[in-house]
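Novice: The listed protein sequences correspond, in order, to chains A and B. 215 is the number that our numbering gives to position 82 of the first sequence; each next residue is one higher, with no gaps. 47 is the number that our numbering gives to position 41 of the second sequence; each next residue is one higher, with no gaps.
Please note that the accuracy of each hint is not assured.
Here are a few chain A residues that face chain B, going by a calculated C-beta distance under 8 Å [as the list claims (entries may be wrong)]: (1) 180; (2) 234; (3) 239.
No wet-lab data here; the hints were simulated from the structure. The C-beta atom is built at its ideal place from N, Cα and C for all residues, glycine as well.
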Amino acid sequence: MMNDLLVQSSQLPYAATCPSCVRMTVTCTNTPWCQCVGKELSPVCMKCGKCACAASTGLRLRFWFEAPQWLIDARELERLRRRDQTVAADAPIDVMIVDDDEEIRSMAAYCVQRMGYSVALAACGEGALKSFERSIPRLIITDALMPKMDGRELCQSVKSSYPSIKVIIMTSLYTASRYRYEAYRRYRADDYLAKPIDFAQLQEALQRILPGAVR
Amino acid sequence: MNAPALTLEMLHERFRSGLDRRLSQLNACLLTLHSPMDPAAKWRSLEELTRGFHSLAGIGGTYGFSAISEAARRGELTCGSIELPLSAGHAGMLAEVIESLTTAVAEARRL
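Please build the complete structure, drawing on both the sequences and the hints.
Specialist: Next up, the structure:
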């Protein structure tokens, strides 16, 4: 009984300044961990939804210096769990979402994951192509307008090198039918989605392009 | 990078908390257009302003805030028709768009 109480009281939610948004946030036992590859593992802030990996060293160190022991132990456990699952993490993925806007990426990922597909994210065309070294997706959903390599170039590149990968271009540019035609004909996209994203349309497109994958 | 498991509440909270930053960026670009800076800097600001409106139009609708999306879309279309130096007509249109956006953002924060 006493041991139970001690365990519970030592795992009280940890209220601290988020190193990313510098606002007061709470970390508890079910707070998700970040997915940054090769970076320091840190919990995702409930306020800004970001981890501490990109924050300044001083703020990160302060966060961990003041962190309770249960959180430090939980981080170590998570590290061990991920090390054991490295092979599984490199397994084939269903859908890659490419958009330079993090909030669009996250919302699209949320919806695609809810449909039962595995999802990977990239912020630009180059990032998407580079990630093919680890795992090749069955479908890419890409924004058309992005800095550096944009979605249209990505689509052309993917269709030249990996013709089996399906590509959906999503953008508010392609609202007129001639633009839709251009997406199909010139960039060889398999489908196009207009922004703002209509999630019923996204679901319909996914079921059509990746049939049977919905769990 | 594999997608992190965020909840819908976290996504909405993050979107709402980022609205002020987006609005400040748009205002900063607008100030540059009005300031006596060199034309190249003004063109860059106009490009950034167009991109900011474009992004907000897409994301606002995606998160279900149609008033934000519509105001931002108007801003994007206005930017597309601007020639520098900024005319009084276009300056007025942009000011009106920013005002609509500020109202829509305040509304979104209240929800």
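Novice: Determine for every hint whether it applies to the structure shown.
Specialist: Hints and how they fare:
1. 180: Hint holds; residue 180 of chain A Cβ to chain B Cβ min 6 Å, cut 8 Å.
2. 234: Holds. Min distance 6 Å.
3. 239: At about 6 Å, which falls below the 8 Å cut-off, the nearest Cβ of chain B leaves the hint on residue 239 of chain A intact, so it holds.
This entry satisfies every hint, going by the numbered hints stated previously.
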